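Chemist: Throw the hints in and build the complete structure from the sequences for me.
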Amino acid sequence: MPEEIEYDPRPAPADTRPDHLEAIATTDAVRELPPEISGFGEGVVGEVVLDITGLSKSFGRVRANRDISFTVRRGEIVALLGENGAGKSTLVNQIFGLITPDAGTVSVQGDTTPISGPHDAIRRGIGMVHQHFQLVPVMTVAENMMLGHEPTRAGAMLDIESAREMVRTLAAKHRLAVDPDAEVEDLPVGTQQRVEILKALSRKVDLLILDEPTAVLTPQETDELLGVMKELAASGTSIVFITHKLREVLAVSDRVYVLRQGTVCGEVETKNTDARELATLMVGREVVLSIDKEEATPGETVLAIEDLHVKDDRDLPAVNGFSLEVRAGEIVGVAGVEGNGQRELVEALAGMRKVVSGSMRLGDLDLTKANPHQTHHAGVGHIPEDREKHGLVAAYSIADNLVLNEFDQPPYAKSGVRQFDAVREYAEKVRAEFDIRSSSVGQTAASLSGGNKQKVVVAREMSFTPKLLMAAQPTRGVDVGSIEFIHRRIVDARDAGAGVLLVSAELDEILSLADRVAVVHGGKVVAEMACVSADRTEIGRLMAGDH
Amino acid sequence: MTTSWLTKNRTNVVVGAVVLVAAYIFYYAQNDIAPSMYASAWGYAIPLVLAALVGVIGERSGVVNIGIEGQMLVAAFAGFFAAAYSGSLLVGVLAGIGSGLILGGFLAWTSVKWRMDQIIAGVVLNIVATGITSFYYTPGQVLPGLMPSFDVPVLSSIPLIGDVFFTGTSIFATLAILAAIGVHIALFHSRWGLRTRAVGEYPSAADTAGINVEWLRIVNVTLAGSLAGCAGVYLSMDASSSFERGMVAGRGFLALAIMIMGAWRPLRAFVMAIFFGFINAVASQLQQSGNIDLPPQLTGTLPFVVTIIVLAVAAGRVRAPAAVGQPYVKGDQ
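As they're listed, the protein sequences go chains H and P. For the first sequence, position 359 matches number 359 in the working numbering, and the numbering has no gaps at all. For the second sequence, position 61 matches number 61 in the working numbering, and the numbering has no gaps at all.
Hints in this document: simulated from the structure, not taken from any laboratory. Predicted model only: the values in this text are computed from it and were never measured. All C-beta atoms in this analysis are idealised placements derived from N, C-alpha and C, irrespective of residue type, glycine included. Errors might be hidden in some of the hints.
[Said to hold, decoys possible] If you want a taste of the chain P side facing chain H, the calculated C-beta under 7 Å gives, among others: (1) A198; (2) Y202; (3) I211.
Modeler: Given below as structure tokens:
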């Protein structure tokens, strides 16, 4: 068990435990069960139900899981905590047989034969609630629930009445009301989630895997779900619970495994930890890169955001009254646990997402009405969080990617005809300057490594000397050498007079790179401070929502 | 139960009743031409019903089959020549059905197992079918006899319906009726049907429920090929007693249009096929009666003009199975 190699697992002093988290953990909605009933919590644990050793999985060059080992005992709720892309879903998809591991064993109740597929996993008593609902939208609740184990008459004909009865019985048993005859596509997401859970429970389940089940739920629905989880655990079902929300981990789990970059980087008993420690485990990293930079000399305000409201993909408020100013020649870091509106904020600024209300001004330009093209030409450089999706055209050459914003402007085009010599000349210059390691600028972006892809994006967004540079997770999935280089360029951009908005899930990155830090929680800035005087513990506490 | 069914299907019931009454009135009012028009409409509809069912089964499982045309052509060819050379109608019928199965299996394997583009796989099938049947075609062959015809007891005594559907009918005509009803029941009331629809709508939901998506698709597309085989054999051995190059003449594609107009439902596709048969009968009637001075090439386009109109009206009102045309990759949710 690579337990706490990098981190000091000292139990947090009682006085730093955020009170409100305890309050949430003990609200009426989450039914507290005494240890003698729940069978855990007082050293009473069941036998090992799931034992994973040395699990590894790579997708091409990406090592999604590296030598992961963990165990789950009967009646235990184990949380897998980690950021997006830490490899949590890959891990559980291997347990459910959707992905075949490259190496390692999955032992279910002592049976170590490889799981051949979902059918096999179900047969061995594993149930899974998937992050993306696995429900057929045009079918009814009863039809979805019976799929794969249909009650039949005369050997082949559906017995829909028994299926309805099964739904009603299960719904009553777990107090999750659903109408068996409702079509799934007409149901709100919270109810669809109930159906998904009941579907998993409609089979004999010893181990229930919940992959980010609360991502689409309201707080009330979440509490309801946490209550159901506790009851299930009390009745002997083991649960693997994936999330990146600390509140839920603390409220419901017995043990937590923290995943980062595909490895288990910590295992803690929930009762011995707190939100701060978990946040540090999840977000931080030991490679502290000290960046040599001059004191900032902030000039006039470049970007002014006031009371901004933006919705996320599910139409729920994500950015919630966000206000911030960025001045020329300074780096402002936005620190926060992922999913607190950072992505939506950046997308709104880049003109990629509709603004509900509030204002964003870049000098005299109203950014709320600008599209990405106008935003770029107004002098905003944007290093997007998802470089594969929003940063690059994978099938295009490096050269074409480098002029993606400017390809129709002189000197890269004359009278609507592209000037390939000018593009190549420019690309060669930039390739040398930004140390993009490739055989030629004609090579496709898809063939580059993560670090070099990111350098292409960084080069494109910086070389036109932007007034405002937005860098969202600029060093995610990038090798250490490239990280250092990218950090250096961001500081150079600042010294050249750009205002820099740095959004990162890694606190170390923000503290070493930014001049000022704005801590976000729940879609708004909860605190602003200068980085030199900032205290990690204090920021961790604020990130966890304790303010 | 009955009343709720009536309210849910009110439009269908009303339209059906009106059409039925109109059909009876026309039958008795125009006693000279109506019976032959109806017979010709049903005769035209039989292969369309069978072929449309092939499309329905394929697309409900998530596989587009535009190779129905080729499957029918090869089956018509194989059936006719197998019967002619062996001197046995039964051998011909089995050869036709068998060739339909083989081509269904080819399409299933290339598009599901190898994840080849389903449209391209279908086009390949059509081109190969045209090439093979033209190349090996030898004129001057005759069938050893006519396909047997019979009256269905009891049902044949119903006025009009009995005359059209159950008097002097053939095995393929009866099969078309039984297959439409059978596929409807299987699709909506059996375990196979529930799984098939799940696989065509949301394959990863079926996969995570423990259903083998690829296998179900392969089996369905292959077995549906036997119905395409029947449709082809009907053309060369029952509707006519000869094989001609390119004799399917677009019926395979028309069947796909019928499938869409029938909203991927077997019984509605059955009704739509008869509607097309009737349009075709009207076209030939216009030609024969000489009332209207139009070249036959123009009246012959009537079913296809109607196809365009009806598809334009149907567009947006019917919804295809959501996963149609998409190969399923495991773990790719």
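Chemist: Return the status of the interface hint for I211 of chain P: holds when the least beta-carbon distance to chain H is below 7 Å, violated otherwise.
Modeler: This hint holds: I211 of chain P lies near chain H, its Cβ roughly 5 Å from the closest one there, short of 7 Å.
Chemist: Tell me if the interface restraint on A198 of chain P is satisfied: Cβ within less than 7 Å of some Cβ in chain H.
Modeler: holds (5 Å)
Chemist: Minimum Cβ distance from Y202 of chain P to chain H below 7 Å?
Modeler: For Y202 of chain P, the interface hint holds, since the closest Cβ of chain H sits about 4 Å away, which is under 7 Å.
Violated hints for the displayed structure: none, as all numbered hints are satisfied.
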